[in-house]
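*Asks:* With chain A's structure known, arrange chain B on it following the hints.
Protein chains in written order, with our numbering: chain A, 29 to 146; chain B, 604 to 717.
Among the hints, a few may not be true.
[What the hints assert, rightly or not] Which bits of chain A does chain B cover? Going by a derived footprint, with three or more residues having C-beta under 8 Å, they are:
| # | stretch |
| --- | --- |
| 1 | 66-75 |
| 2 | 115-125 |
| 3 | 132-146 |
In short, the hints are calculated from the structure, not lab data. Positions of the beta carbon are idealized from the N, C-alpha and C atoms, including for glycine.
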Amino acid sequence: AQKVTQAQTEISVVEKEDVTLDCVYETRDTTYYLFWYKQPPSGELVFLIRRNSFDEQNEISGRYSWNFQKSTSSFNFTITASQVVDSAVYFCALSEAQYGGATNKLIFGTGTLLAVQP
Amino acid sequence: ETGVTQSPTHLIKTRGQQVTLRCSSQSGHNTVSWYQQALGQGPQFIFQYYREEENGRGNFPPRFSGLQFPNYSSELNVNALELDDSALYLCASSLRTSGTDTQYFGPGTRLTVL
Numbered sequence: 029a030q031k032v033t034q035a036q037t038e039i040s041v042v043e044k045e046d047v048t049l050d051c052v053y054e055t056r057d058t059t060y061y062l063f064w065y066k067q068p069p070s071g072e073l074v075f076l077i078r079r080n081s082f083d084e085q086n087e088i089s090g091r092y093s094w095n096f097q098k099s100t101s102s103f104n105f106t107i108t109a110s111q112v113v114d115s116a117v118y119f120c121a122l123s124e125a126q127y128g129g130a131t132n133k134l135i136f137g138t139g140t141l142l143a144v145q146p
Numbered sequence: 604e605t606g607v608t609q610s611p612t613h614l615i616k617t618r619g620q621q622v623t624l625r626c627s628s629q630s631g632h633n634t635v636s637w638y639q640q641a642l643g644q645g646p647q648f649i650f651q652y653y654r655e656e657e658n659g660r661g662n663f664p665p666r667f668s669g670l671q672f673p674n675y676s677s678e679l680n681v682n683a684l685e686l687d688d689s690a691l692y693l694c695a696s697s698l699r700t701s702g703t704d705t706q707y708f709g710p711g712t713r714l715t716v717l
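Chain A with its partners taken away, still in its complex shape (with noise of 0.2 Å):
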């Protein structure tokens, strides 16, 4: 079965602090792919990346971060130098790949809320 745990359900830093959010993911499946979306208060899911399973380049855009690691099963996200608009809802999810008209289902944490204080 295909599970992705968050272990950390709050995190609080000060503006300017580096700050890293846990993903541990589990599934059978040899080709999957790992998202991250961030959820402000409005409530609307943005996309922020999608990484596939052969594919454990890190990747880097501005302030984000991420590193992915078969050998642990995780998929952390970091941002650098946190803003307070970075304040939001964080979720890891997985989807297996689809063949043959498969369902493209994502699978979520249970996010992580980062709270960036001025």
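*Replies:* Structure of chain B alone, referenced to chain A:
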């Protein structure tokens, strides 16, 4: 902006009633998925529609049903509402490709069942 819209924003119903939630997908997207997000939880997959046919369902009873229309709009219908149906309902649209789709979410409909 994802180009995915949902209506209404908020809705209050009483137990036993029926409700219809609407979603307008991003233009050109042929797949729509619906999720239920209870307070403090991650979204849970309800079902997915691909080219107007149901293409997979999560662990939700048959009183949750849906439709997808050719004009990129879709509906989620819930009959015989229960108190536990109170949640944020999110729709996500995507373009079916090989591998997996990237799903783009709307702002959600907050349903309260009294």
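*Asks:* Check whether three or more residues of the stretch 115-125 of chain A sit with their beta carbon closer than 8 Å to a beta carbon of chain B.
*Replies:* Three-residue rule met by the stretch 115-125 of chain A, so holds; n is 5.
*Asks:* Per the coverage rule (Cβ-Cβ under 8 Å, at least three residues), is the stretch 66-75 of chain A covered by chain B?
*Replies:* holds (count 6)
*Asks:* Confirm or reject the coverage of the stretch 132-146 of chain A by chain B under the rule of 3 or more residues with a beta carbon closer than 8 Å to the chain's beta carbons.
*Replies:* holds (count 8)
In this structure, none of the earlier numbered hints is contradicted; all agree with it.
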